[in-house]
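Chains as they are written, first to last, in the working numbering: chain A, 1 to 151; chain B, 1001 to 1358.
Hint data in this document are derived by calculation from the structure and do not stem from the laboratory. Errors might be hidden in some of the hints.
[As the list claims (entries may be wrong)] Once the Cα atoms are required to be at most 30 Å apart in a straight line, the calculated DSS-like pairs of lysine-lysine come out as:
| # | chain 1 | residue 1 | chain 2 | residue 2 |
| --- | --- | --- | --- | --- |
| 1 | A | K124 | A | K150 |
| 2 | B | K1037 | A | K66 |
| 3 | B | K1230 | B | K1164 |
| 4 | A | K66 | B | K1164 |
| 5 | A | K53 | A | K37 |
| 6 | B | K1164 | A | K102 |
| 7 | A | K150 | B | K1164 |
| 8 | B | K1031 | B | K1120 |
| 9 | B | K1010 | B | K1025 |
| 10 | B | K1267 | A | K102 |
| 11 | B | K1025 | B | K1037 |
| 12 | B | K1120 | A | K43 |
| 13 | B | K1230 | B | K1037 |
| 14 | B | K1164 | A | K124 |
| 15 | B | K1267 | A | K72 |
| 16 | B | K1030 | B | K1226 |
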Amino acid sequence: MAKRDEQMPATRRDFLSALIKVWGVLTVVPFGTVVTKFLSPVKDSDIVRETMKVAMVSDIAENSAKIVRFNKDPVIIVHTMGGQFKAFSARCTHLGCVVQFKGDEGLPHFDCNCHGSQFDMNGKNIAGPAPRPLLPLKVTIEESSVLVTKV
Amino acid sequence: MNLPSGYSAKVYVWLNERLPLDAVKEYLSKKTVPQHKHSMWYYFGGLTLFFFVVQLVTGILLSLYYKPTPEHAYESVKLIITQVEYGWLIRSLHSWSANLMIAMLFIHMFSAFLMKAYRKPRELMWVTGVLLLFLVLGFGFTGYLLPWDTMAYFATLIGTEVPKTMPLIGSYGVGLLKGGEEIGAETLTRMYSIHIIILPLLTIVIISLHVILNQVLGSSIPVGIKEARKPLTFFPNFLYRDLISWCLGFIALLTLATMYPWSIGDKADPLASAPVGIKPEWYFLPLYQTLRIVPSSVVGINGELLVNGVVGLASLLWLMIPFVDFRSRKEQKSSIFTAIGILLILYLVAMIILASTT
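Sequences are here, hints too, so could you generate the full structure?
Next up, the structure:
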């Protein structure tokens, strides 16, 4: 009988200990999931448009560029010396900085001032650490307006 | 040790009945700090702590006026530096003490490394110290966006792009940090929350551990160095010397903050090109320069992934130094690790100089 009494508290403690562990897991796992979900960015509910009017032809002189917002992204529209309009995502393919049009230094090109990448007028990466060309977009001119369309 | 007298004695007695003050005094009176030809390096840990305290005080003051939204962040910092009485000084003290804290931390860390102060039984002092380095760099990164100027915007843009290449956790981690696909309101509030709540709480806990370990284990004497003089008692002798170094640190901080007040650039514009000459703060220049040098692909491996991998592994190794420097563990001179430390210092300095001049 005495032996059984000695064992009783240990058994009760074991049970409580196991109960607390189970409670711990049942609390931590769901709460951890809730926190993880809470921290995840809210999904963008904005409508993504395929084509957008982004500027007027008169806004961009020859051999110059303008950075505009296309949906949420910056897009660079270039009016070339030959009178052509071109559009690229303005995000450098290296680490996402917004590129700059250089029309007055040698051949026209795009510079990324963050880490020195360069892109030619077709968006091709020609210098620096950028791994890919700039993402091209389609440009159409309608009634003096510049329209950009996803490719 | 002198006992306090008069009114303060009554307070002491009252407190001593409730807290183990006598035991603490007894302990501190017995604790000593070794004196040898490298003893001067012992003061840099205290200086780092001092600048952290300045960070806390000035940070709390700045938070009274700062507004963490893209519409108001820039204007609120402008208000602080132009309209609020001594606002320019508080902000300048905050920015300069951040830089000085990181500088002192680097000196403290490399001196501890070269003196092999991480030897048994001080392994956990090293580990907590390296964790503090990561936290302090986190402070630098999260605090940098808060003024919401052009430099801050692009530095954060790059900083949050870099980890994206990490397999599995990269994109998820960046999403957690940015709170969306682009740098915006959610990024600013997350950075602010990390900067003023999460990092300070973690830092205070780890600093406490680091300091308690230092009190319990004492300062390490480098291998093969003989104590030149009688050890200095920690309380009050070493503490007074520490306080003198804090005074000098404060004078340096005040001089920098008043002679070179911290400025603010143009307001961040997500549609503006990154400005020419954009560079991060000096302590991120080695990473910046490495990213510039490493090509987009190295033997078929993505350049950023390679840099991330090497920096991640090196950081882990740095954290584990006490457990891999086997010679130091046996109280033997470990010239390989001395060479690693010197090479690392040279690399960091060279990258900072290269990035600043090109």
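Evaluated hints:
no.: 1; hint: A:K124 <-> A:K150; result: holds (18 Å)
no.: 2; hint: B:K1037 <-> A:K66; result: violated (63 Å)
no.: 3; hint: B:K1230 <-> B:K1164; result: violated (54 Å)
no.: 4; hint: A:K66 <-> B:K1164; result: holds (28 Å)
no.: 5; hint: A:K53 <-> A:K37; result: violated (36 Å)
no.: 6; hint: B:K1164 <-> A:K102; result: holds (29 Å)
no.: 7; hint: A:K150 <-> B:K1164; result: holds (24 Å)
no.: 8; hint: B:K1031 <-> B:K1120; result: holds (19 Å)
no.: 9; hint: B:K1010 <-> B:K1025; result: holds (17 Å)
no.: 10; hint: B:K1267 <-> A:K102; result: holds (23 Å)
no.: 11; hint: B:K1025 <-> B:K1037; result: holds (28 Å)
no.: 12; hint: B:K1120 <-> A:K43; result: violated (50 Å)
no.: 13; hint: B:K1230 <-> B:K1037; result: holds (13 Å)
no.: 14; hint: B:K1164 <-> A:K124; result: holds (23 Å)
no.: 15; hint: B:K1267 <-> A:K72; result: holds (19 Å)
no.: 16; hint: B:K1030 <-> B:K1226; result: holds (21 Å)
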